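Peer 1: Sequence:
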Amino acid sequence: MLIELEEAQKKLREGEFENAKLRFSTLLDIEPENREFFSGFFTASYWDNRLDKILSAKEGKERGLLLNSLFENFKKDFSNRGFSQDRTYESIRFCILNESCNQLRDSYLSGGRQILDRETLIILSKNLLLIGDYKNSFDLIQYFSKYHDLPPEYYFYRAECLYHKGETKKSSILFRSSFLYFPEYFQPEYITSSPILEIWKELAFDYPEEERRKEYLPVYCLERNIFPELEEYSKEEINSLYKEIERLLHGKLNSNPDVNFKIKNRILQFGITILDSFHGKLNSELCRRVREIIQEIDPELLDRREEYKKN
Numbered sequence: 274m275l276i277e278l279e280e281a282q283k284k285l286r287e288g289e290f291e292n293a294k295l296r297f298s299t300l301l302d303i304e305p306e307n308r309e310f311f312s313g314f315f316t317a318s319y320w321d322n323r324l325d326k327i328l329s330a331k332e333g334k335e336r337g338l339l340l341n342s343l344f345e346n347f348k349k350d351f352s353n354r355g356f357s358q359d360r361t362y363e364s365i366r367f368c369i370l371n372e373s374c375n376q377l378r379d380s381y382l383s384g385g386r387q388i389l390d391r392e393t394l395i396i397l398s399k400n401l402l403l404i405g406d407y408k409n410s411f412d413l414i415q416y417f418s419k420y421h422d423l424p425p426e427y428y429f430y431r432a433e434c435l436y437h438k439g440e441t442k443k444s445s446i447l448f449r450s451s452f453l454y455f456p457e458y459f460q461p462e463y464i465t466s467s468p469i470l471e472i473w474k475e476l477a478f479d480y481p482e483e484e485r486r487k488e489y490l491p492v493y494c495l496e497r498n499i500f501p502e503l504e505e506y507s508k509e510e511i512n513s514l515y516k517e518i519e520r521l522l523h524g525k526l527n528s529n530p531d532v533n534f535k536i537k538n539r540i541l542q543f544g545i546t547i548l549d550s551f552h553g554k555l556n557s558e559l560c561r562r563v564r565e566i567i568q569e570i571d572p573e574l575l576d577r578r579e580e581y582k583k584n
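Those letters in the sequence shown? Residues 274 to 584, by this note's numbering.
There's no promise every hint is true.
As the list claims (entries may be wrong) - Restraint ranges, calculated between C-beta atoms of paired labels, are given here:
| # | residue 1 | residue 2 | range |
| --- | --- | --- | --- |
| 1 | V532 | K419 | 33 to 39 Å |
| 2 | E363 | R561 | 47 to 53 Å |
| 3 | F455 | Q568 | 25 to 31 Å |
| 4 | E565 | K443 | 30 to 36 Å |
Stated by the list, open to error - Under the rule of at most 27 Å between Cα atoms (straight-line distance), these lysine-lysine pairs were calculated in the DSSO-like manner:
| # | residue 1 | residue 2 |
| --- | --- | --- |
| 5 | K474 | K408 |
| 6 | K408 | K442 |
| 7 | K474 | K442 |
| 8 | K438 | K408 |
| 9 | K474 | K348 |
| 10 | K349 | K474 |
| 11 | K331 | K349 |
| 12 | K419 | K283 |
| 13 | K408 | K443 |
| 14 | K283 | K349 |
| 15 | K583 | K537 |
| 16 | K474 | K331 |
| 17 | K348 | K408 |
| 18 | K443 | K508 |
| 19 | K474 | K443 |
| 20 | K582 | K508 |
| 21 | K582 | K443 |
| 22 | K443 | K419 |
| 23 | K474 | K508 |
| 24 | K331 | K348 |
| 25 | K283 | K442 |
| 26 | K474 | K582 |
| 27 | K419 | K408 |
| 28 | K474 | K438 |
| 29 | K537 | K516 |
| 30 | K438 | K419 |
| 31 | K419 | K442 |
| 32 | K537 | K474 |
| 33 | K442 | K508 |
| 34 | K283 | K348 |
| 35 | K326 | K348 |
| 36 | K283 | K326 |
| 37 | K582 | K442 |
| 38 | K582 | K537 |
| 39 | K583 | K443 |
| 40 | K349 | K326 |
To be clear, the hints were calculated from the coordinates, so they are not data collected in a lab. Everything numeric in this text was worked out from a predicted model, so none of it was measured. Don't be surprised by glycine CBs; every beta carbon is placed ideally from N, CA and C.
Model the full assembly from the supplied sequences, consistent with the hints where possible.
Peer 2: Dropping the structure here:
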């Protein structure tokens with residue numbers, strides 16, 4: 274039955290929705306209660322019913338944007354039914370978003386840069402990342418940044434592309450700086466690089482709420498020396514980080530536990546970054562104050578971190 278399931282998923286990936294629907298229907302006849310077979314039948318039927326609408330759309334930008342919009346709606350329906358994002362989901366995601374990317378790229382090649390506005394460029398670069406086309410996604414993000422300010426989540430996307438392009442050190446540094454300033458913009462759906470994906474899943478047991486997990490993930494990585502390198506920060510930038518620590522300390526008594534959790538982890542991130550930026554000047558007055566603040570929040574964090582550095 275595994276071979277039949279893989280064949281059905283392959284047909285989905287290739288866009289043969291009617292064929293995939295028949296294969297999943299056959300599997301359901303054998304195991305009517307199997308959720309994976311049911312999600313596959315739902316998925317194949319969903320897209321088979323929308324094929325005429327897709328094909329009637331004008332090729333190029335119109336069809337590319339329609340495919341993206343339809344997939345966003347599908348993703349919500351799929352999630353609302355409690356289906357897990359398994360191989361079937363990955364197959365249809367590749368099928369639809371790959372075709373969306375093809376349509377948008379054809380539009381760009383035939384009509385030039387003015388055809389793709391800011392929002393369309395965002396969609397294309399994100400979808401290229403999701404289908405694993407890291408080189409073109411990275412190149413498009415770099416191109417985008419010449420004309421527009423990068424949305425915060427795009428620093429994570431660029432770091433992810435660098436990882437898959439083999440530039441792991443640059444990726445690690447960019448992930449670390451992105452987590453420092455924009456942890457709430459981390460989008461796990463777009464991240465498959467190691468060890469971040471594994472850590473994200475591991476932390477789900479203790480932090481099932483994604484917002485909390487996003488705040489704790491970078492502190493966890495810093496404690497375990499997952500990001501050993503960092504950007505070169507100027508003295509002004511370091512002082513700015515310390516001022517941010519002081520500002521956050523005034524909010525520590527907030528009655529909202531989620532806010533306090535966020536404040537604590539932001540302070541730890543800023544503090545460790547300051548200490549790592551001083552390159553051996555650990556007797557400076559600023560570093561002494563930062564160490565005291567960290568130890569007040571988590572008395573054993575720095576000791577644990579030193580142990581991880583030795584291993």
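Peer 1: Run every hint past the structure and note whether it holds.
Peer 2: Structure-based check of all given hints:
1. V532 with K419: 33 to 39 Å: 37 Å, holds
2. E363 with R561: 47 to 53 Å: 50 Å, holds
3. F455 with Q568: 25 to 31 Å: The hint (25 to 31 Å, Cβ to Cβ) holds, given that F455 and Q568 are roughly 26 Å apart.
4. E565 with K443: 30 to 36 Å: 33 Å, holds
5. K474 with K408: Between K474 and K408 the Cα gap is close to 26 Å, so the pair holds against 27 Å.
6. K408 with K442: 17 Å, holds
7. K474 with K442: It holds: about 23 Å lies between the C-alpha atoms, which stays within 27 Å.
8. K438 with K408: Holds, because 7 Å separates the two Cα atoms, which is no more than 27 Å.
9. K474 with K348: Status holds; Cα separation ~20 Å.
10. K349 with K474: 21 Å, holds
11. K331 with K349: This hinted pair holds, its Cα atoms lying about 25 Å apart.
12. K419 with K283: 39 Å, violated
13. K408 with K443: Since the Cα atoms of K408 and K443 sit roughly 15 Å apart, the hinted pair holds (cutoff 27 Å).
14. K283 with K349: Roughly 23 Å separates the two Cα atoms, so the pair holds.
15. K583 with K537: 26 Å, holds
16. K474 with K331: Violated, at about 41 Å.
17. K348 with K408: Holds, at about 25 Å.
18. K443 with K508: 22 Å, holds
19. K474 with K443: 23 Å, holds
20. K582 with K508: Holds, at about 25 Å.
21. K582 with K443: 20 Å, holds
22. K443 with K419: Distance ~20 Å between K443 and K419 Cα, so the pair holds.
23. K474 with K508: Between K474 and K508 the Cα gap is close to 36 Å, so the pair fails against 27 Å, i.e. violated.
24. K331 with K348: With a Cα-Cα distance of about 23 Å, the restraint between K331 and K348 holds, given a limit of 27 Å.
25. K283 with K442: 35 Å, violated
26. K474 with K582: OK: K474 and K582 at ~23 Å, within 27 Å.
27. K419 with K408: 17 Å, holds
28. K474 with K438: Judged against 27 Å, a Cα distance of about 23 Å means the pair holds.
29. K537 with K516: 15 Å, holds
30. K438 with K419: Since the Cα atoms of K438 and K419 sit roughly 21 Å apart, the hinted pair holds (cutoff 27 Å).
31. K419 with K442: 23 Å, holds
32. K537 with K474: Holds - the C-alpha atoms of K474 and K537 are around 22 Å apart, at most 27 Å.
33. K442 with K508: Holds. K442 to K508 sits at ~23 Å (cutoff 27 Å).
34. K283 with K348: 19 Å, holds
35. K326 with K348: Holds - the C-alpha atoms of K348 and K326 are around 18 Å apart, at most 27 Å.
36. K283 with K326: 23 Å, holds
37. K582 with K442: 17 Å, holds
38. K582 with K537: OK: K582 and K537 at ~23 Å, within 27 Å.
39. K583 with K443: Given pair K583, K443 holds - Cα atoms ~23 Å apart, limit 27 Å.
40. K349 with K326: With Cα atoms ~19 Å apart, K349 and K326 stay inside 27 Å; holds.
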